[in-house]
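*Asks:* Sequence:
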Amino acid sequence: MMLSTSPVQQILERCQTLFDDLHFSAVKDWKAAQPGRKAIGYMPVYVPRELIHAAGMLPVGILGGGDQLEVIQGDAYYQSYICRIPRSTIEMGLTGRLDCLDGMLFPSICDVIRNLSGMWQILFKDKYVRYIDVPQNYEDEIGGKFYIEEMQILREDLARLAGKPITDEALNASIAVYNQNRAALRELYAYRAAKPWQAPTSEVYLVQRAGMILPPEEHTQLVRDYIAATDTVARPKRDNARVVINGTFCEQPPLALIKSIEMAGCYVVDDDFMLVGRWLLDHVPTDGNPLQELSKAFLHRSATTAAKYDTTREQKGVYLMKQVKTMGAEGVIFAAPSFCDPALLERPMLQDVLTQHKIPHTAFKYAENTGQMAPIREQAGTFADSIKLWNAS
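The sequence shown begins at 123 in our numbering and counts up one residue at a time.
Worth flagging that the hints you see were computed from the coordinates, not collected in a lab. Treat each hint with caution, since some may be false.
Pair ranges (Cβ atoms, derived) [said to hold, decoys possible]:
| no. | residue 1 | residue 2 | range |
| --- | --- | --- | --- |
| 1 | Ala155 | Arg435 | 24 to 34 Å |
| 2 | Ala198 | Pro497 | 24 to 34 Å |
| 3 | Ser147 | Ala281 | 37 to 47 Å |
| 4 | Gln138 | Phe268 | 36 to 46 Å |
| 5 | Pro157 | Lys447 | 25 to 35 Å |
| 6 | Lys286 | Gly218 | 41 to 51 Å |
| 7 | Asn491 | Gln274 | 23 to 33 Å |
| 8 | His405 | Ser147 | 31 to 41 Å |
| 9 | Pro157 | Ser202 | 14 to 24 Å |
| 10 | Ile244 | Arg435 | 53 to 63 Å |
| 11 | Asp409 | Glu340 | 18 to 28 Å |
| 12 | Gln138 | Thr477 | 16 to 26 Å |
Straight-line distance between alpha carbons at most 30 Å, and here's what the computed DSSO-like set of lysine-lysine pairs gives [to be verified]:
| no. | residue 1 | residue 2 |
| --- | --- | --- |
| 13 | Lys267 | Lys444 |
| 14 | Lys267 | Lys510 |
| 15 | Lys247 | Lys286 |
| 16 | Lys249 | Lys150 |
| 17 | Lys249 | Lys267 |
| 18 | Lys160 | Lys286 |
| 19 | Lys381 | Lys267 |
| 20 | Lys267 | Lys286 |
Please read all numbers here as calculations on a predicted model, not as lab measurements. The C-beta atom is built at its ideal place from N, Cα and C for all residues, glycine as well.
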């Protein structure tokens, strides 16, 4: 007699299958359902996915090969002191794993990803490739105008690829779809912060990660189904330390690393995993000029990472401190990929801000294929214990 799995387990099994599949079978199935459909890949942090969706295409998040992929050919394209995600992404491209994609977008993260976009143009001449530049000036008439022009170029390129124009009506409809998706993710993060024992971050991560593959409408329902399902299952509450994870905005940590931090006695109440789904912080109006509204949301109501330009030194750490206070965190874990220039160069400035506000913090580095979790678990466990001791005293 087979035991039936719970709704939570069913959702997580589906998400785990999507997570493990480096051949993107779900994308191939989506394309096969209607001949002529196209899929556009994008690398982490942020791209305006609404434009891809409005073109009738599937946005697909490409987050490297994780700890499942042996990188052989990719190492020939980058030096040993470069982070791993461009190598594993090249490996996936050269081994045919990304053949289901009709194009790739490379957002403005760092010099390495800018370089990768150029390599992609050379290696995959039959694919659409674009580097998505973003403003470093946050005035609507300067940076805003620049960003609207950048989005307009992408809009026209995708329209040519789709064989039909992308209307304002279609764009506003897609903005509405992604407003719903962002709202669902905000609900998920708020739920985890309120009841971290009910929504372990290792599960929240998988649910969030599914949004890199699924159509946004489908993912929104998945997120809400998970919240409803996990809330019906009573889980043990522990006296864990509440922490924010910072520095994981690009190359993603292994799932085992997230589990190790939790097993060490930490409740992760906020993070910067896969920010593309949470980059715009609130509702984007759907009754105006869509590119202008997307531009305003980026300039004035978007998340902050080391990959985003800060106009003044005083802005450093403001977003992180807001995360700590809003989510009721007791400390910060800086977890950044090895050789990640943006995260590692900004870390000392953020640590200074936390020290000034007497917020405990610790730091380590990882790679997407990190295998040894014992040292990380020991460090996270010691950090969690010290937080509890400080609070008790």
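*Asks:* If a hint holds in the structure, say so; if it does not, say that too.
*Replies:* The hints, checked one at a time:
Hint check: Ala155 to Arg435, Cβ distance near 51 Å, so the stated range 24 to 34 Å is violated. For Ala198 and Pro497, the hinted distance range of 24 to 34 Å is satisfied, since their beta carbons lie about 30 Å from each other. The supplied range of 37 to 47 Å is broken by Ser147 and Ala281, whose beta-carbon atoms lie about 28 Å from each other. Restraint check, Gln138 to Phe268: a C-beta distance of roughly 41 Å satisfies the suggested window 36 to 46 Å.
The given range of 25 to 35 Å is broken by Pro157 and Lys447, whose C-beta atoms sit roughly 51 Å from each other. With their beta carbons about 29 Å apart, Lys286 and Gly218 fall outside the hinted range of 41 to 51 Å. Separated by about 39 Å at the C-beta atoms, Asn491 and Gln274 break the suggested range of 23 to 33 Å. Checked against the given bound of 31 to 41 Å, the beta carbons of His405 and Ser147, roughly 34 Å apart, stay inside it.
Distance hint for Pro157 and Ser202: a CB-CB separation of about 44 Å, inconsistent with the stated range 14 to 24 Å. Taken as a hint, the range 53 to 63 Å is violated for the pair Ile244 and Arg435, whose Cβ atoms sit roughly 38 Å apart. Restraint check, Asp409 to Glu340: a C-beta distance of roughly 25 Å satisfies the suggested window 18 to 28 Å. Between Gln138 and Thr477 the C-beta distance comes to about 39 Å, which lies outside the given range of 16 to 26 Å.
The hinted pair formed by Lys267 and Lys444 meets the criterion: a straight-line CA distance of about 29 Å does not exceed 30 Å. With a C-alpha separation of about 49 Å, the suggested pairing of Lys267 with Lys510 is violated against the 30 Å cut-off. This hinted pair checks out: Lys247 and Lys286 have alpha carbons roughly 22 Å apart, not beyond 30 Å. In summary, the hint linking Lys249 to Lys150 is supported, as the alpha carbons are separated by about 16 Å, within the 30 Å threshold.
Taking the CA atoms of Lys249 and Lys267, the gap is about 28 Å. The hint holds against a cut of 30 Å. Our distance criterion of 30 Å between C-alpha atoms is met by Lys160 and Lys286, whose separation comes to about 13 Å. Pair hint Lys381 plus Lys267 does not hold up; C-alpha atoms about 43 Å apart against a cutoff of 30 Å. Taking the CA atoms of Lys267 and Lys286, the gap is near 25 Å; set against the 30 Å cutoff, the hint holds.
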